[in-house]
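> One-letter residues, chain by chain:
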Amino acid sequence: MGDIQESADRLGNAERVALDQGRKKKTTYFYMMLSITGLLAFLVLWQFAVMTNLVSSRFLSTPLEVINLFVVKLSDPFPDGEVLGINILSSLNVALAGFGLAIVIGIPLGLFMGWYRGFDAFMRPIFEIVRPIPPVSWIPLTIVWLGIGLQAKAFIVFFSAFVPCLINAYTGIRQTSQVLINVAKTCGASNFTIFYRIGIPSSFTMVFAGVRVALGNSWATLVAAEMLAASSGLGYMILMGRQFARPDIIILGIVVIGSIGVIFTFLLGRLENRLLGWKRL
Amino acid sequence: MSMDEKKIRLRLEHISQSYVVKNEVRCAVDDVTLDVYDNEFLVVLGPGHCGKSVLLNIIAGIEKPVAGQMFLDGGRLLKSDERIGMVFQKLALMPWKTVMANVEFGPEVRGVAKGERRAAAQKYIDLVGLTGFEKAYPNELSGGMKQRVGIARAYTNNPEILLMDEPFGQLDAQTRYAMQEEIMKIWEMEKRTLVFVTNNIEEAVYLGDRIVLLTRCPGRVKQVYPIGLPRPRDTVDPQFLRIRKEISQNTDLAL
Amino acid sequence: MKETPVLSSAEKKELRLKRIYLLLPLLSLALLFLLWILAATGTNKDSFPSPLAVWERFLLIMKRPVKDYTIFGHVLQSLRRIFSTLVVAWITGISFGVLTGWNRKADALLSPLFTAFRSVPPLAWIPLITIWFGTGEGSQMLIVYTGCIASIVVNTQAGLKNVAKMYLDVGTVFNASSRQMLFQIAIPSALDAVFAGVRTSTSAAWMVVLAAEMLGGKSGVGFLIVRGMDSLDLPLVLMSMIFIGVVGAMLAVLTQIVEGVLCPWTRKKSA
Chain S
9 MGDIQESADR
19 LGNAERVALD
29 QGRKKKTTYF
39 YMMLSITGLL
49 AFLVLWQFAV
59 MTNLVSSRFL
69 STPLEVINLF
79 VVKLSDPFPD
89 GEVLGINILS
99 SLNVALAGFG
109 LAIVIGIPLG
119 LFMGWYRGFD
129 AFMRPIFEIV
139 RPIPPVSWIP
149 LTIVWLGIGL
159 QAKAFIVFFS
169 AFVPCLINAY
179 TGIRQTSQVL
189 INVAKTCGAS
199 NFTIFYRIGI
209 PSSFTMVFAG
219 VRVALGNSWA
229 TLVAAEMLAA
239 SSGLGYMILM
249 GRQFARPDII
259 ILGIVVIGSI
269 GVIFTFLLGR
279 LENRLLGWKR
289 L
Chain Y
24 MSMDEKKIRL
34 RLEHISQSYV
44 VKNEVRCAVD
54 DVTLDVYDNE
64 FLVVLGPGHC
74 GKSVLLNIIA
84 GIEKPVAGQM
94 FLDGGRLLKS
104 DERIGMVFQK
114 LALMPWKTVM
124 ANVEFGPEVR
134 GVAKGERRAA
144 AQKYIDLVGL
154 TGFEKAYPNE
164 LSGGMKQRVG
174 IARAYTNNPE
184 ILLMDEPFGQ
194 LDAQTRYAMQ
204 EEIMKIWEME
214 KRTLVFVTNN
224 IEEAVYLGDR
234 IVLLTRCPGR
244 VKQVYPIGLP
254 RPRDTVDPQF
264 LRIRKEISQN
274 TDLAL
Chain F
1142 MKETPVLSSA
1152 EKKELRLKRI
1162 YLLLPLLSLA
1172 LLFLLWILAA
1182 TGTNKDSFPS
1192 PLAVWERFLL
1202 IMKRPVKDYT
1212 IFGHVLQSLR
1222 RIFSTLVVAW
1232 ITGISFGVLT
1242 GWNRKADALL
1252 SPLFTAFRSV
1262 PPLAWIPLIT
1272 IWFGTGEGSQ
1282 MLIVYTGCIA
1292 SIVVNTQAGL
1302 KNVAKMYLDV
1312 GTVFNASSRQ
1322 MLFQIAIPSA
1332 LDAVFAGVRT
1342 STSAAWMVVL
1352 AAEMLGGKSG
1362 VGFLIVRGMD
1372 SLDLPLVLMS
1382 MIFIGVVGAM
1392 LAVLTQIVEG
1402 VLCPWTRKKS
1412 A
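Residue numbers (our numbering), protein chains in the order written: chain S, 9 to 289; chain Y, 24 to 278; chain F, 1142 to 1412.
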């Protein structure tokens, strides 16, 4: 290490920069290869485990079979009754309905509770009672009340997304800097003006963190809702895979669910960067 | 005063440090050559961000310089050495350890038996005036007290050379004066070679046997001032003020 | 020497407001209760059990247990299930988190794989797990494991990746070995984060155990809910939900207390 650095000093500045960049590129490349190796090794091991009958194909299908099924499933409704595209749309529909509702209700509620003490005192006990009940345990009651349609599932998803939206909006606006509030006060702003000109923008970062958690929650809860009360959707599809003892269907479902979750996270990250660009400076 | 007879403990030869930042070479320390004498209180003075801390980090072995060599008692110094201790600018007390556990960290790392290291730690806890706070956590202490813990921690490892990186930079003015007296007192009781970094001219003149003045970024040695004033020094003594003014006029403005 | 406090009008107003704020929570609770009673009367009787019905169902299950357990028995079954799983999850999760958080090569090799697994919602593993191991105790615990492992690993990993450089510098100056760096500095400084993981994983486990029990258990609160739904015994469902909520809240408080005991420095902030 010492020798490399000492020799580096004898180089000119341009060469030093080039050397440094080269070294950086090399390490990035090395670690990237390591990551790819890890993933590939896993897939190959998996493929071999099934092909050599180390694991029975009744329990596990190979990655290649899953890819194959993906193509087939695009146009084949067997065994759960819908093609893959319809299942995805059906799931997205439910998840986004519940998630959207949670945002529209949860965030304003959290903001108001965080800003107005009286409203907080009134709403807080109700929220604290609802909060610790896991969304999944609402499923039976929901089925009785609303059946197994879109409404019922959206309601369950709503519950899982609502809590983080509200909590983060609440804490976010609570953290508004007192200095900024004082500045606005000396300018003669009313409490409501301060609330929406200073309080709400201050809470954005926290709100976004909450939205991210909420999105993950709704997607996770959706699967549960669809397994317990549905006739289509990705959760229903993997449940049918279980019923028909088709591991390939289950694994395909898992992969699709996971991938959509990743895409969601990515899109939300992009949106956050767009909206909160000033944060990075 | 036998200034010329002093034994050299630490020698820096042509030390340079630079970093590649956003495809540009940024120089932090440029060609610093410096001798530190035995039991001397050496102050490295310079404007903000002039590379003084980098220089200390290099001596402490936290960073490796891109060029130059260091010698400790004639032997090459290549990495962190037990004979060199450090008091950190940002305190760097571990919040999960009690005062006692923080102070005895050095001997503990070296594998010294519990009883022995406890005794050593207790000695310095008493010396910095923190008796009774052994079981407290750093979060419960005031800024000045925290820095005392930092000093006790460095001393407990029994280093021959002690580096102090703007230890009082984050204290309020009152506490700062008190701590300056304190450090002087400790240094006189427990003679060590001390390298003290600061950006405060008054502090430098108050404490140092010699002051090494660095230029603004990149840090180069601009001038060395031996301070012959008797101790304890008086900050409003005309002699003191004259030296202070002289250094002040020669100092680059921090940007 | 009793001074009569002279209050300005603003202070008086403040005092009055404070009293109102104390009353408001009680008011809202009363309103909620009233709504419940209203909802449970009239045409909805069958689909919305009244508080009284829930109370009577509670008394009944204490007298005549469902599947050998009273409600407390079922709660204990669920708790046993999550804690025996959590211990395994904590040990494996913290080890994995420390390994990948501290060693960059291990991180590059293993983390992408872990991220891929993690991006699948835990409940989606249920069909695969039941096809492999049936619906017995073991597979229920495996489901809980998939539900709580992610948060503990992610938090531990983040804790170890974000160890403040100055603490490591202290280690360097005192010549600490890399082993000492890890065990004396990095891991203790990450304990806060690890504990956040412990807390999240506990509440996640409590949620997932319900789903696991609902999809084929023979005991536990999740089983009780499904039992209630199958026999259209809605008071049983609602009673179970209340217990689930209470226990969930108690778990959250409990983990906080344990954290305070195990990491005393996070409790005491400078005055």
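What the hints contain is simulated information worked out from the structure, not anything from laboratory work.
Just so we're clear, the structure is a prediction, and the values are computed from it rather than from any experiment.
Treat the hints with care, as some may be off.
[What the hints assert, rightly or not] If the Cβ cut is set under 8 Å, some of the chain Y residues that face chain S in the computed set are:
1) V43
2) N46
3) V48
[To be verified] Negatives, chain Y to chain S, calculated, CB over 12 Å:
4) R34
5) S41
6) V44
7) E47
8) L57
9) E163
10) S165
11) E213
Note that the Cβ used here is the ideal one computed from N, Cα and C, for glycine as well.
> Determine for every hint whether it applies to the structure shown.
Hints, verified against the model:
1. Restraint check, V43 (chain Y) versus chain S: the minimum CB separation of about 4 Å is within 8 Å; hint holds.
2. Interface hint status for N46 (chain Y): upheld, as the beta-carbon distance to the closest one in chain S is roughly 5 Å, under 8 Å.
3. With its C-beta approaching chain S no nearer than about 4 Å, V48 (chain Y) sits inside the 8 Å limit, and its interface hint holds.
4. The beta carbon of R34 (chain Y) is kept farther than 12 Å from every beta carbon of chain S, the shortest such distance being approximately 17 Å.
5. A beta-carbon of chain S comes within 12 Å of the beta-carbon of S41 (chain Y); the shortest separation is about 8 Å.
6. Its beta-carbon lying about 10 Å from the closest one in chain S, V44 (chain Y) breaks the requirement of being farther than 12 Å from that chain.
7. Distance check on E47 (chain Y): its Cβ comes as close as 7 Å (rounded) to a Cβ of chain S, failing to clear the 12 Å threshold; non-interface status is violated.
8. No beta-carbon of chain S is positioned within 12 Å of the beta-carbon of L57 (chain Y); the least distance is around 18 Å.
9. No Cβ of chain S comes within 12 Å of the Cβ of E163 (chain Y); the nearest lies about 25 Å off, and the non-interface call holds.
10. Separation of S165 (chain Y) from chain S is adequate, the least Cβ-Cβ distance of about 24 Å exceeding the 12 Å criterion.
11. Consistency note on E213 (chain Y): stated as away from chain S, and its beta-carbon is indeed over 12 Å from all of that chain's, at 33 Å minimum.
Violated hints, listed in ascending order, are 5, 6, 7; each of the other numbered hints is respected by the structure.
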